[in-house]
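Q: Sequence:
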Amino acid sequence: MRCDMCGRLIHGKSIVDHIIEIDETNYQDESITLNEDNLQLLCLECHNTKTFQSKINLNLDNRNINLFLIFLFLNFCGLPPF
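Okay, so the sequence shown: first residue is 1 according to full-length UniProt numbering, each after it adds one.
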């Protein structure tokens with residue numbers, strides 16, 4: 001099987017992901033939640049990038065946070081550091 005996002009051969013875990021994300025405005029819309037055309041097969045790295053990259057908002061100007069821990073977290077999720 002190949003990842004629909006990066007095209008690489010998937011070894012190990014894969015995730016079936018909604019192309020249009022499910023949220024509070026569309027979770028009852030069966031044309032989004034149950035539509036097979038709204039599904040894609042992703043490798044774990046692409047899934048984590050798609051899912052978490054837009055949700056991480058780092059304000060580095062007024063930080064009181066350990067950047068090393070953020071780096072470890074991003075690396076664990078398979079995301080590029082900063």
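A few of these clues could be false.
Said to hold, decoys possible - No farther apart than 25 Å at their CA atoms in a straight line, the calculated lysine to any residue pairs in the SDA-like style are these: (1) K13 with Q28; (2) K13 with L72; (3) K50 with I15; (4) K13 with L41; (5) K50 with I70.
In case anyone wonders, no lab produced these hints; they're calculated from the structure.
It should be emphasised that the depicted structure is a prediction, and the values quoted were computed from it without experimental measurement.
Q: Run every hint past the structure and note whether it holds.
A: Here is what the structure says about each hint:
1. In summary, the hint linking K13 to Q28 is not supported, as the alpha carbons are separated by about 28 Å, beyond the 25 Å threshold.
2. This hinted pair checks out: K13 and L72 have alpha carbons roughly 21 Å apart, not beyond 25 Å.
3. With a C-alpha separation of about 12 Å, the suggested pair K50 and I15 falls inside the 25 Å cut-off, and the hint holds.
4. Between the alpha carbons of K13 and L41 the distance comes to roughly 11 Å, so the proposed pair stays at or under 25 Å and holds.
5. Our distance criterion of 25 Å between C-alpha atoms is met by K50 and I70, whose separation comes to about 18 Å.
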